[in-house]
Each structure stands twice: as structure tokens, then as C-alpha cells.
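Chemist: Okay, here's what each chain looks like letter by letter:
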Amino acid sequence: MNCGSDKVIYMDNNATTRIAPEVLEVMMPFLQDCYGNPSSMHTFGGQVGQVVEQARAQIAELLGADPEEIVFTSCGTESDSTAILSALQSQPEHRHIVTTRVEHPAVKNLCETLDMLTGHKHRVTRLMVDADGTLDMDAYQEALTEDTAIVSVMWANNETGVLFPVEEMAAMAKDRGILFHSDAVQAVGKIPINMQENQIDFLSLSGHKLHAPKGVGVLYVRKGTPFFPFLHGGHQENGRRGGTENVASIVGLGRACQLAGEMMDEENTRVRALRDKLEKGLLASIPKSILNGHVENRLPNTSNISFEYVEGEAILLHMNQHGICASSGSACTSGSLEPSHVLRAMGVPFTAAHGSIRFSLSIYNTEEEVDFVLEKMPRIIADLREMSPFWEG
Amino acid sequence: MWEYTNKVQQHFMQPQNVGEIEEPSGTGDVGSLACGDALKLTIKVDENDIIVDAKFKTFGCASAIASSSVLTELIKGMSVDEAAKVTNEDIAEALGGLPKEKMHCSVMGREALEAAIADYRGVILPMAQGEVVCECFGVTDLEVVRAIQESGLRSVEEITNFTKAGGGCGKCEDRLRDILQQTVEGLSKKSTPVKEQRMTTLQKIKKIEQVLEREIRPTLKKDGGDIELVDVDGDFVTVSLRGACAGCHSSRTTLKEYVEKKLREQVVDSLIVEEEK
Ligand SMILES: Cc1ncc(COP(=O)(O)O)c(C=O)c1O
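Chains as they are written, first to last, in our numbering: chain L, 1 to 393; chain Z, 1001 to 1277.
Bear in mind the hints are in silico, worked out from the structure with no lab data behind them.
Incorrect hints may have been included.
[To be verified] Below, computed lysine-lysine pairings styled on DSS-like, alpha-carbon distance capped at 30 Å:
1) Z/K1261 <-> L/K121
2) Z/K1171 <-> L/K121
3) Z/K1262 <-> L/K108
4) Z/K1100 <-> Z/K1055
5) L/K108 <-> Z/K1100
6) Z/K1221 <-> L/K288
7) Z/K1262 <-> L/K121
8) Z/K1055 <-> L/K376
9) L/K7 <-> L/K280
This is chain Z alone, in the form it adopts within the complex (with noise of 0.2 Å):
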């Protein structure tokens, strides 16, 4: 069982501003089902630039939830700008600390603020734009490089416990212990380039379909899906997912966790796999 301080208790079984905004001013969507936690953050602002009422929908355990309730609470009667200055540590401290295999959920809380201050201010974050490293959970160099700096991590265990990288099947282990090293050497350089492919796209191609034929489309035949090679472009393959698959939920896991690992293993370890929209 978790220790969870009073607060947070407070905070789970009477949680505050639950619900959703009619045409908010800014929405924060982030995590998935597939991940476990999810946070839907609704702001409204008025036109002082001051936040005047914020709700939010969790889907997650009680540290989720209770990240989100005072969350709100916090933000409530801010100005955009100090709002846009809430750090995860703010969260935590509010809630009079979390446990710290549980501080990814006020990272979560951060996340969906800066995302609906975003959308609010019609911008688009710079987190989207990293290169995954963790793929269980879709976490981006950047965001571990974030965390890293604004909360001191030191280790790969900590960098897990605030983003959730590195806790599903553990591959990217290394890499995080390379981004903290550079982190922490102050020399954050993008990730470490990625190998020298000499491979035609043609190549690549046939490469990937045999690939696709021989292991990935049997496996989800199991399942009663079907995959198909829309296009490759550079390292950009569009495929779209049929049957079972289409639409599931953990139709993202599947293209990250298992097919584009998969075409990583076997055709170039620099693809990025994914859904035609």
C-alpha cells in the first residue's frame, strides 16, 4: 500500500473541479489509457489574462487524481503567465508530497497545464517535437532532459519514477543513462546520432514488407487485426491498422511498441511508424 499524506487523501475522495468546461479557453489533453493515468485539463480565462475557472477529468490512481484536484486549485485565479510558471514540484508540495514512484502524476499535472496554456495561447509545445526515447510509454528525450534539470534527477530509477521512462520493458535504459550523463555534464546535445544507414529506399521498402509479411501481419492476424504499407518517406513509414485493431485504444502501443520496434530491429533502427489519419 502507498503512503499517501492526508492531503492527498483529501484530495482522491473529495476531489475539487471535476468535470469539463463548455467551450474552454484552453484544453490540455495528456497521457492515454494505455499508460495508465490520462488527464483532461479545461481552463477558462478571462480578459485579463487571469484563469478564472478550471476543471479537470482523470483517469488514473488516487495521486493522479488527487494531482489533478489541486492542480485546479492552484491555477484558479492565476494569471496566465504565473500559471505558466507551476512546476510539477509546485504540485507535489501542495499535495504535501507524493510518494516518489508516484511523481510522474504531478509531472502529468504540469504537462496538461503548459498543454492547455498552449492551446490558450495558440502555440504548439516544443515536448511533442523529441525524439521518443521510452516507447512503452511514449516519453520524448526532451521531456526526460526537462525533468532532469527541474528536478535534480540523478539516477535512471528517478528518471522513471517523474516520467515513467524506462518502467515498461526497460529497453531504453541505456539511453536514458546517456541523456542524464549529458544532462547533468550541462552538455544536453540532441540524442546520439543515429547510425549511418546505407540502404536505397527501394531497399528499404522491400525490407520493410517482408518484415511486415512475415512476422508483424501474422502476429496481429491473432488478434484479428491486419496491417497495410501505405508509404515509406525517408524514415517516415505510414501504415493503416484494420480490424481489431483499428480504433482500439491500444492501437498507439501496438504501432510503437510492436510494429515500429520490430522495423527498427530488422530494417533501420531510425523508422517512425505511423497511423494513416
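Next up, chain L with everything else stripped away, as it sits in the complex (with noise of 0.2 Å):
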């Protein structure tokens, strides 16, 4: 299939990521002649389990944690349910939750079903955001109880890149013995962690959100942590998890988190710029249009912008054809009929919630293109406007 990337400019990376060149060359002899399975006692296979520790270690070194820690799974949303079931399994008197209005439907939707899953009855409390799309910290404070079994709270939201704070969050927690657990998925690689600098219990990450395949995923796990596996199976990751690894993308997310501990700064500084560039020239060249979450407190590649009286889909659709790749919280974006439960929670309104577009930009975007999309983005925004019935120019 030819999929046309080489015209295409992405600016969609909350959404997944190019594999990066380095990484798909460490893959590549696993997927053809180290095919061995880890577990095996022979040579061959025994070998590919050494490079699954190489990984692990590559992986550590990047959140600065014990390689013992790293678990791997199948993808972000797999570390999730895992952290919280877990939580859960090994608090059977405890039956409370807390997490937010904002998670990515991976905690959110769990959370939703738990009862199901666990035949149990829970509380889950979901902390609500301001408009800038910040926790209130008393209101966390206040929710923590005896019964409290775990909180979970992203780092770094996915919609609009706002970050909460975690590790001062996960302190409060632990005052009171309650597990932590950060759904990592969209910080790790974008900003730094280092987790011999917090209490976090539990944290989430997925590869193919820098620069590693789909479908390989970590969860960390703190030392000592009770822990209950998810996948019952065989003895592999330690008895943490069963299955056998895929060997393939566990090496890549190695070596990603070696990149992209090298790429940190760049993502910082380059990315960043790049954003704020592009973030300026579309809010300064289009009226009535709204930054989404907090200015400062972001990750460096993330700006979701809301042009009002305009549609998402339509708008994306244009973009589309000059070959722009971006995001929509709009309610025809999402399948569902209602625009996105992360913009709602802000008390985004509706006249700007339907016309939301996120730009989430990475390492390989270029001036160049940042300045393509500056071109042609207030063309796009007017000509949809001059359709709309509630637009008076």
C-alpha cells in the first residue's frame, strides 16, 4: 500500500507517530532472522531474551527507574486497566476510586465498568478541571478517603497537552497509603520523568507515542508495590504478565526511549518554538479563534485551538486536502454525537467545542511546514464560515 507519507505534513503525533528510522533498524532482525523465543533454553532463542532486557534497561534508564520495574504489555490502554484492576485486586476492602473528568477513555471507560468486572460496587470520584483545564487541588484533597483503593490521573492530557501535577498529587496519596497511578502515555518522551523523584506506584506508557510501534506498551511498577497481573499465562516478565513478548517492538521501545532521552532537549526548544509559532500565527490570523488549556502549564507540542462557528470534520476535511494531518474534538469526529468529554469538562461552549482542531507536533516537523499550515489554514476557517449560518463576518 502506498500510503503517500512523503506528502503528508503531520501534525497529529498525540494520535500515534512515525516509527523513527533508528528504531525500525534494531527491530528489523527480529522480525526476520532472531526470531527465538526468549524463554527458550536454547542459544537462539535465549539470546533475543537478552536484547528484551537490553530494552528494558534502555526503557528504565529513560524514566529513571530499576529495570526490574518495567513491565511490558501489549499497549497503553492494557497498562492501564492493569494498574487499576490490580489496585483493586489487592484491596478488596477498599472500593473507591479517584481520577478526573479528563482521562483518556483507557481509565475513563474502566472506571465505567469496573462493577462489571469485578463484581464489585465502586465509587469513582472524577475531579473536575477549569477552564484552563486545571485540577483543583483542595477538591483532591478533600476526595482522598479510608476507602480510597487508588488515584489515577494522566500526566499530560491528550486533547489539549495540559499537565497535572502528578508527583506532588501522588505525595498527597501516599501521606494517606493510597496507591498512584499516572496514565504517562502522552508525557513520557515529551517532557522529562524521573521516577526515583516521586511516589508514584503505577505508570502508563505506550510505544507508537514516540517514535516505537503500535502495540507495545509499559507499565511501571514500584518496587514493592503490591501486584496483581492482568494476563495470567506463563512465567514471562517475571510472572507479571503472560504471553510471549514481542520481541520486535520491545526492542524498538528501547531503543525510542534512548532517542528520545537524547531528543528531550530539541523537543523542548525546537518543537516547542515550532508550536508556539504556529500556535501565535493561527490565533493572531484567525478571529474568533480560542486557545484550549492552560498557556504555560502544556507539553511543548501540543495546541488545540477552537475555531468558533465552524465544524471540526469539515474543517480537518479541508485540511485534508492539502495534505495537513490533525485532530478534531468535534462530536462528528468521535462517532459519538457530542463534542469531546475533555473540552465539555473545561466548560468549553458548545459555539467553540464543535470547531476544535489539535496540532500536536513532533521532531520530524519542519518550519516549512509549520508555515504551510499557517498559509492555508485561514482560508480554510473563512470559507467554512462564510457557510455558516451563525457566522456574522
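Now that you have both chains on their own, put them together as the hints suggest.
Modeler: Quick look at the structure:
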């Protein structure tokens, strides 16, 4: 299949990223000749086990963790489920969960179906956010109870890029003996994370958000944290996750973490500057455009902008004509009939929520691309507004 | 990504008849910003009852824009009587089909056309008189019944695809299932009778005031708004919204989705809340 990747301007990196060439290179042998099973007794398989351990060390390095604390999973979603269900299993007498209104469906929908999954009744507190997407820490403090089994709060929001003070929140949970999970799928690789400097018990990440393949993830489990597997089976991952390892992807993820460490500065300088240029340019050239989410306290690569009185899917399809890839929080793009739960939780008015576009950049974006998008967007929005019954130009 | 036909893409990328006719013979204004799509259709009818011009303005996704565009093409040159027979299926067909989740866009086209014709003829549409079943999208039982009959719908999911009813909070699913069953069985009698309520008007007013005071007002105030009770007449509750809520495009949603829902839950489930004009 020729998907025309050379012709697109890809600004949808919070959805997924391209596999870095360096990553693909180290993966290839494991998709071809080196197909042994890491659990095998023979050298042919056993040597593959060693590269899995090497990858584990590379990931631990990026997170400031111990390799033993790294458990490979099949995706970010599995990591999230594993952490939360493990915490509930290890404390069956605790039936309360604290999370937020803006979590990714991997956590949000899990919390909505917990009663069914565990056969117990659970109480879930979903913390509100303000118009900037920021949490109220007093409300958080109040939400923690004797009955709370786990707090699950994302590190960075996938739609707005807004960061939550998870390290501080984990410390508050720890004071009360409560387990803390953070879905850091969008944060890992984009901002520095050091697990030695915080008290987070579980942390999820996903390969395809940091230039590794889709279908591989990690759950960090702090040493000493009680753990119950999600997938029961063989003794892989020290009995913490059954299933033969996705070797090639794990090796790729190891390399991707190493690269992310090397690129961290660039992500926070050059990519941030590109994002800022794009954002400032769009807000300046397009009237009635509004930034969603806190200006400062944000991932360096994400910009979520609402163009009032036009609908997101229509905007995306026009952008698509120019090869520009991004996402929208509009109802029509979500497959449901309502706009993004994140924007609604922030109280973004309907006039704006339906017309929200998320640009998410990566180290592969260039200034020329930003300039091209800046050149095309005003026209796209103006044309659609021309057609909108609510627009009084 | 949606699978759109070439025809949809064509009408979306090069929409026909965008705009508004000055001094139109009829105007149809349907949908709202809150719902995510809206269409304003204007038509010009000559002395022989022929639609000589039609223009649209649409807020919405690709299929909403394409449906509007193809609708104007369809009806131009038709007599008003002919146009009155255009169905949403005709609109979808003219586009070479729509994804099933997007059928409501063609329904919006038909509704706008109907409204424009009614406006031209100076009559009031019966649809608006139905009882709202889906509060999230303001869909009435009559609209649901009609969609079931016209498009042969057989599941709640299909009802949602065609009318949007049930696509928000999902609370009306049971109601939709009932309506579906009744309609399919051919005894599409008016909605299930409302529970008997034995509350005097005075008690009702007191209760409404309590709920407003304790729950609704504090929530609205958080967003810089406020609410005041103006009148209670039978089941009709008139309120006035203040501050940030007033004139806000989503004020109707606030009113129906939040205020009315709360009052129905806690006072009487047949209350109808309206804003003071
Ligand atoms: C914040 C967040 N959590 C979890 C996930 C799910 O990760 P995966 O696609 O690997 O299951 C995503 C990806 O969309 C995400 O953005």
C-alpha cells in the first residue's frame, strides 16, 4: 500500500507517531532471522531474551527507574487496566477510586465498567477541571478517603496537552497510604520524568506515541507495590504478564526511549518554538479562534485551538485536501454525537467545542510545514464560516 | 475516517447555492450550534408555485454541508407540492448514500425544507408540537415516529443514526424502545401517560424553588450565571437566565439538559421549563 506519507504534513503526533528510522533498524533482525522465543533454553532463543533485557534497561534509564520495575504490555490501554485492576485486587476492602473528568477512554471507560469487571460496587470520584483544564487541589485533597484504593490521574492530557501535578498528587496520596497510578502515555518522551524523584506507584506508557511501533506498552510498577497480573499465563515478565514477548517492538521501544532521552532538549526547544509559532500565527490571523488549555503548563508539542462557528470534521477534511493531518474534538469526528468530554469538562462552549482542532507536533516537523499550515488555515476557516448560518463576518 | 461517496465529497468541496436569498418566499431554520449542526434554507417561489431559487447556510460536518447542497439542487425547478414530497432518503440517494451514522444529516435537510415550505404557506409544523423525548438534542416523539415510519427503522441505534435521539446521555433509550415498539406494532398512540402527580400548585412552586436554590443556582453561579423563577402554570415553568447564561448559545441546552432535567427528577417528571421571552 502506498499511503503517500511523503506528501503529508503530519501534525497528529498525539494520535500516533512515525517509527523513527533508527528504531526500525534495530527491530528488523527480530522480524526476520532472529525469531527465537526469549524463553527457550537454546542459544538461538535465549540470546533474544538478552535483547529484551537490554530494552528494559533502556526504558528504565529514560524513566529513572530500575529495570525490574518495567513490565512490558501490549499497549497503553493494557497498562492502564493492569494498574487499576491490580490495585483493586490487592485491596478488596477498598472500593473507592479517584480520577479526573478528562482521562483518556483507557481509564475513563474502565472506571465506568469496574463494577461489572470486579463484581463489586465501586465509587468513582471524577475530579473537575477549570476552564484552563487545571485541577482543584483542594477538591483532590477532600476526595481522598479511608476507602480509596487508587488514584489514577494522567500526566499530560492527550487533547490539550495540559499537565497535571501528578508528583505532588502522588505524595498526597502516599501520605494517606493510597496507591497512585499515572497514565503518562502522552508525557513520556516529551517531558523529563524521573521516578526516583516521585512516589508514583504505577505509570503507563505506550510505544507508538514516542516513535516506536503500535501494540507495545509498558507498565512501570514501583518496587514493593503489591501486584496482580492482568493476563494470566506463562512466567514471562517474572510472572507479571503472561504471553510471549513482542520482541521486535520491545527492542524498538528500548531504542525509542534512548532516542527520546537524546531528543528531550530538542523537543522542549525547537519543537516548542514551532508549536508556539503555529499557535500564535493561527490565533493572530484567524478571528474568533481560542486556545483550549493552560498556555504555560502544557506539553511542548500540543496546541488545541477552537475556531468558533465552524465544525471540526469539515475543517479537517479541508486540511486533508492540503495533506495536513490533525485531529478534532468535534462530535462528528468522535463517532458519538457529542463533542469531546475533555473540552466539555473544561466548560468550552458548544460554539467552540465543535470547531476544535488539535495540532500535535514532533521532532520531524519543520518550519516550512508550519508556514504552510499558517498559509492555508485562514482561508479554510473563512470559507467554512462563509457557509455558516451563525457567522456574521 | 468516514467513507464518503464521491458525490458527498464533491458537494462538500464545491457546495452549490451557498448563501441566503434576500426577501425569500420561505425560510427553514433547523438545528443548533449546541447540536453540532444547523441549516438555514431559503427558497424563492414564483407565481406558479415553482421553486426558482434555493440557497443554504450550514454549520456542520461534510455530510451536513453536502446534504444541504444537494437538497438545493434537487428542489430547484420543482413545484412546492413536489418539493413537499422530497424525503430524507431522496437526499441521501442523490448523494450516492451516506454513512449510516450520518443519516441525520439528510433528515436535517428534509426538516429544513419542510420548515421553509411551511413558512411559505404560512402554516405551523406539527413536529414542533410533539413531546421532547431526547433532551440532549431536542427531538420530539413525533419526529421519532415519523423517522421510524419513513425509513423503516428497526432499532434504537438506527433511530439515533437518523434523528440523533439517544445519542447524548442515552437516558431516553427506554423511551425510544417503547416508541419503536408501539410504532412498529402500528399503534403509535401518543406517549405513555405521565404518572399521576398529586401535588398542589403551591407545593409544586415551593419544591421548584428549593431545587433551584439548593442545586441549580449554585452550579450556574460557578459559570457566572444565575436563574430566577418567573412563573409556574400547571406543568409550565418559566424562568429567566441571567449573567453568563443569558443569550449564551448553549442556554437552551442548559435549560433543557440541566434545569428541566433536575426539576423533573426532583419535583414532577412532566415539567416543561421555558425561558422568559
Ligand atoms: C493519554 C492516553 N492514554 C492511553 C492511550 C492508549 O494507548 P494505546 O493506544 O497504546 O492503547 C492513549 C493513546 O491514544 C493516550 O493518549
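Chemist: Look at each hint and say if it fits the structure.
Modeler: Structure-based check of all given hints:
1. Z/K1261 <-> L/K121: holds (26 Å)
2. Z/K1171 <-> L/K121: holds (21 Å)
3. Z/K1262 <-> L/K108: holds (24 Å)
4. Z/K1100 <-> Z/K1055: Answer holds: Z/K1100 to Z/K1055 is near 26 Å, not above 30 Å.
5. L/K108 <-> Z/K1100: Holds. L/K108 to Z/K1100 sits at ~27 Å (cutoff 30 Å).
6. Z/K1221 <-> L/K288: holds (25 Å)
7. Z/K1262 <-> L/K121: Holds. Z/K1262 to L/K121 sits at ~25 Å (cutoff 30 Å).
8. Z/K1055 <-> L/K376: This hinted pair holds, its Cα atoms lying about 27 Å apart.
9. L/K7 <-> L/K280: Satisfied, since the Cα-Cα distance of roughly 25 Å is no more than 30 Å.
Hint compliance for this structure: every hint is met.
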